[in-house]
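Protein chains: 2
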Amino acid sequence: MVKKMKFRLAFIGFGVVGQGFADILLKKEHELKDRYGFEYEVVAISDMKLGSVYDEDGLDLSRVMNMVNQGDRLEDYPTGIKGWDPLKTIKESNADTIIEVTYTDMKTGGPALEHVRTALKAGKHVVSTNKGPVANAAKELMELADRNGVKYRFEGTVVSGTPTINLAWETLAGCEIKEIKGILNGTTNYILSKMEEGMEYEDALKKAQELGYAEADPTGDVEGIDAQGKVLILSNTVMGADMELEDVAREGITGISLQDVEEAKKEGHRWKLIGSTKKTEGGIEASVGPEKIPMDHPLAGVMGPTNALTFTTDLLGDVTIIGPGAGKMETGFSLLVDLLAINGAMEG
Amino acid sequence: MVKKMKFRLAFIGFGVVGQGFADILLKKEHELKDRYGFEYEVVAISDMKLGSVYDEDGLDLSRVMNMVNQGDRLEDYPTGIKGWDPLKTIKESNADTIIEVTYTDMKTGGPALEHVRTALKAGKHVVSTNKGPVANAAKELMELADRNGVKYRFEGTVVSGTPTINLAWETLAGCEIKEIKGILNGTTNYILSKMEEGMEYEDALKKAQELGYAEADPTGDVEGIDAQGKVLILSNTVMGADMELEDVAREGITGISLQDVEEAKKEGHRWKLIGSTKKTEGGIEASVGPEKIPMDHPLAGVMGPTNALTFTTDLLGDVTIIGPGAGKMETGFSLLVDLLAINGAMEG
Chain A
37 MVKKMKFRLA FIGFGVVGQG FADILLKKEH ELKDRYGFEY EVVAISDMKL GSVYDEDGLD
97 LSRVMNMVNQ GDRLEDYPTG IKGWDPLKTI KESNADTIIE VTYTDMKTGG PALEHVRTAL
157 KAGKHVVSTN KGPVANAAKE LMELADRNGV KYRFEGTVVS GTPTINLAWE TLAGCEIKEI
217 KGILNGTTNY ILSKMEEGME YEDALKKAQE LGYAEADPTG DVEGIDAQGK VLILSNTVMG
277 ADMELEDVAR EGITGISLQD VEEAKKEGHR WKLIGSTKKT EGGIEASVGP EKIPMDHPLA
337 GVMGPTNALT FTTDLLGDVT IIGPGAGKME TGFSLLVDLL AINGAMEG
Chain B
37 MVKKMKFRLA FIGFGVVGQG FADILLKKEH ELKDRYGFEY EVVAISDMKL GSVYDEDGLD
97 LSRVMNMVNQ GDRLEDYPTG IKGWDPLKTI KESNADTIIE VTYTDMKTGG PALEHVRTAL
157 KAGKHVVSTN KGPVANAAKE LMELADRNGV KYRFEGTVVS GTPTINLAWE TLAGCEIKEI
217 KGILNGTTNY ILSKMEEGME YEDALKKAQE LGYAEADPTG DVEGIDAQGK VLILSNTVMG
277 ADMELEDVAR EGITGISLQD VEEAKKEGHR WKLIGSTKKT EGGIEASVGP EKIPMDHPLA
337 GVMGPTNALT FTTDLLGDVT IIGPGAGKME TGFSLLVDLL AINGAMEG
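Protein chains in written order, with the numbering used here: chain A, 37 to 384; chain B, 37 to 384.
For reference, chain A alone in the conformation it holds in the complex:
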């Protein structure tokens, strides 16, 4: 393969996901060059907590990671310009590609939406794991990218790096996708799996909290809000809809009792929290809710915190992908695969 450019990256946000991605970049630097002709330089990092640094000639990423691991701020980096905020970094740095990994605000898109918009307008590629912008303005941002001849990619916004959006766009290209249906939330799937073993809902939730799958306030997971956001993203980016969060009907798993689980088992079914989005005569219909899945459906066998999606297509019928739904490295990977796709598109 022929290398076409050396990517100049700016990180907007440098929390768990950003640092996970930086670890991968460092660890795989030589392999990425040899195998994919992919070369990079990190020129800027701007983070709410850690401060910011910009050096047009590139930062020593190993040094940055060492500093961050020791609790230092980016301002302590020996060279470069300090104190640039995200928008200044995006507009005025010489970065050609923005890694948008700030916090997610599903309601409005938050500052991240302006980060992505500004970057695309400035003719810079964006790779991002941030659900906010794509949930609120997928159509606008994808068109903006097209118009400016750059790419906006966000595989990690749905079930971490497990191929989902890229699966639909690339390896299923040319298929009409009629429906996507899946287990999009690991916490609730873990709880339902434990209930399948005879555990009461409250005990299963407590166990999930102990293992770090569920947060102290589990509402976002158990009420289906997290899955609802992912369904919205799939609807607007893969199914061609232009929906808002409220258009995705939602029901959580709190109404499912141990008795329900056992009755389903007797009928050869298994309760799953299913997110789905499908083409109907009246347009795209999207929802999240508990469903009894027959045991011979590939989604029925997906247990614990694992995620899975079934794509129903015109040419291939059903294709199901099963993989991790979260994790520092798993989400970091999504940024890498998106960058490699951009790198590939730059080739002749």
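A couple of the hints might just be wrong.
The list makes no distinction among identical chains, and a pair is therefore deemed to hold if it is satisfied within one copy or across any two copies.
Taking lysine-lysine and the DSS-like style, the derived pairs with C-alpha atoms no more than 30 Å apart in a straight line are [said to hold, decoys possible]:
#1 Lys69 x Lys314
#2 Lys64 x Lys187
#3 Lys42 x Lys124
#4 Lys243 x Lys69
#5 Lys175 x Lys314
#6 Lys175 x Lys127
#7 Lys42 x Lys214
#8 Lys127 x Lys328
#9 Lys124 x Lys243
#10 Lys187 x Lys243
#11 Lys42 x Lys64
#12 Lys315 x Lys85
#13 Lys64 x Lys242
#14 Lys63 x Lys314
Keep in mind that the hints were calculated from the coordinates and are not lab data.
Chain A is fixed; fit chain B onto it per the hints.
Below, chain B alone, put in the same frame as chain A:
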């Protein structure tokens, strides 16, 4: 997206798969142009049984399909040059992309190997569902493509259009793939599924033959030879090996009795014919053979003629894909997705 070229296609071979692909091209012509900026012209078809026709200005593909469906030969087409053999068509036509869909010869690669080699040397892209060339000369042909600045793609050589090779190359790019393990043969999986329901091997085989899943001589399927070829292809194209068919250890399912199936069931396991290829300290190890899979593994739930593969990776852990393993449209689709990938790589 910006259209970069209009593909000029030549079909080498025009049997079930080639005609299936032609159907898709006709049916999706407008969608492919609107959505992917993909435009094509079929300039030549050369088939052992149907004869051949070449028109540098393009053939009317609908007319060709009507003729073929009525039992006419390609020589009856009103315009163009008749009688060119595959090699002449590849070398002397103005096609820029060759659709290689002649019959498979796993032992030597057959004439198809020379077709692919000749096309790549002439600087023409090749998309193919033919296992022969890639099983016998993957390394040579991939290097030849690289050297000549063209693409050689063959998604359909492993489990039809279900994303497998493209999944590994594109949506898992950047991951180290440590092992691929899967159900690569639908016939044997159907037979084992029926045995799971209590049917004897011989009866299940007969049923598979009635349904058209198994051939009159089922050796290629039940002895694992078909799966062996797919494992070889995955080893040489995804795992970086340079193996021959004999290097893939092979055992079929004929030694599995109904008693074995029932005993496994009691232990919470299920017999599957598993093809696998993995990195070891001594290099790539590849094999096909029956394995007892624990019921909580995603491959255990894959029943009937469906295929599935689990990729074990460094960054994502296990990712499993489940989909069809055969079919006219499903295999035809693989040629389309490969062409669209080439089209995408042609964009800026």
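Each hint, compared with the structure:
When the C-alpha separation of Lys69 and Lys314 is checked against a cutoff of 30 Å, the pair qualifies only between copies, where the shortest distance is 24 Å, while the shortest distance within a copy is 40 Å. Proximity of Lys64 and Lys187 under a CA criterion of 30 Å is satisfied in both settings, with 23 Å inside one chain copy and 26 Å between copies. Within a single copy, Lys42 and Lys124 get their C-alpha atoms as close as 22 Å, which meets the 30 Å cut-off; across copies the closest is 42 Å, which misses it. Taking CA atoms no more than 30 Å apart as the test, Lys243 paired with Lys69 passes in neither setting, with 43 Å inside one copy and 52 Å between copies.
Within a single copy, Lys175 and Lys314 get their C-alpha atoms as close as 18 Å, which meets the 30 Å cut-off; across copies the closest is 42 Å, which misses it. Taking the closest pair of Cα atoms, Lys175 and Lys127 come within 30 Å of each other only inside a single copy of the chain (22 Å); across copies the shortest separation is 45 Å, beyond that limit. In this homomeric assembly, Lys42 and Lys214 come within 30 Å of each other (Cα to Cα) only across copies, at 28 Å, whereas the closest approach inside a single copy is 39 Å. With identical chains, the CA atoms of Lys127 and Lys328 are never at most 30 Å apart, being 50 Å at best within one copy and 57 Å at best between copies.
For a Cα distance limit of 30 Å, the shortest separation of Lys124 from Lys243 qualifies neither inside one copy, at 44 Å, nor across copies, at 68 Å. For a Cα distance limit of 30 Å, the shortest separation of Lys187 from Lys243 qualifies neither inside one copy, at 41 Å, nor across copies, at 51 Å. In this homomeric assembly, Lys42 and Lys64 come within 30 Å of each other (Cα to Cα) only inside a single copy, at 15 Å, whereas the closest approach across copies is 37 Å. Within a single copy, Lys315 and Lys85 get their C-alpha atoms no closer than 43 Å, and across copies no closer than 42 Å, so neither meets the 30 Å cut-off.
Proximity of Lys64 and Lys242 under a CA criterion of 30 Å is satisfied in neither setting, with 38 Å inside one chain copy and 51 Å between copies. Taking CA atoms no more than 30 Å apart as the test, Lys63 paired with Lys314 passes between copies only; the shortest distance there is 22 Å, against 40 Å inside one copy.
Of the hints listed earlier, those the structure fails to meet are numbers 4, 8, 9, 10, 12 and 13, in rising order.
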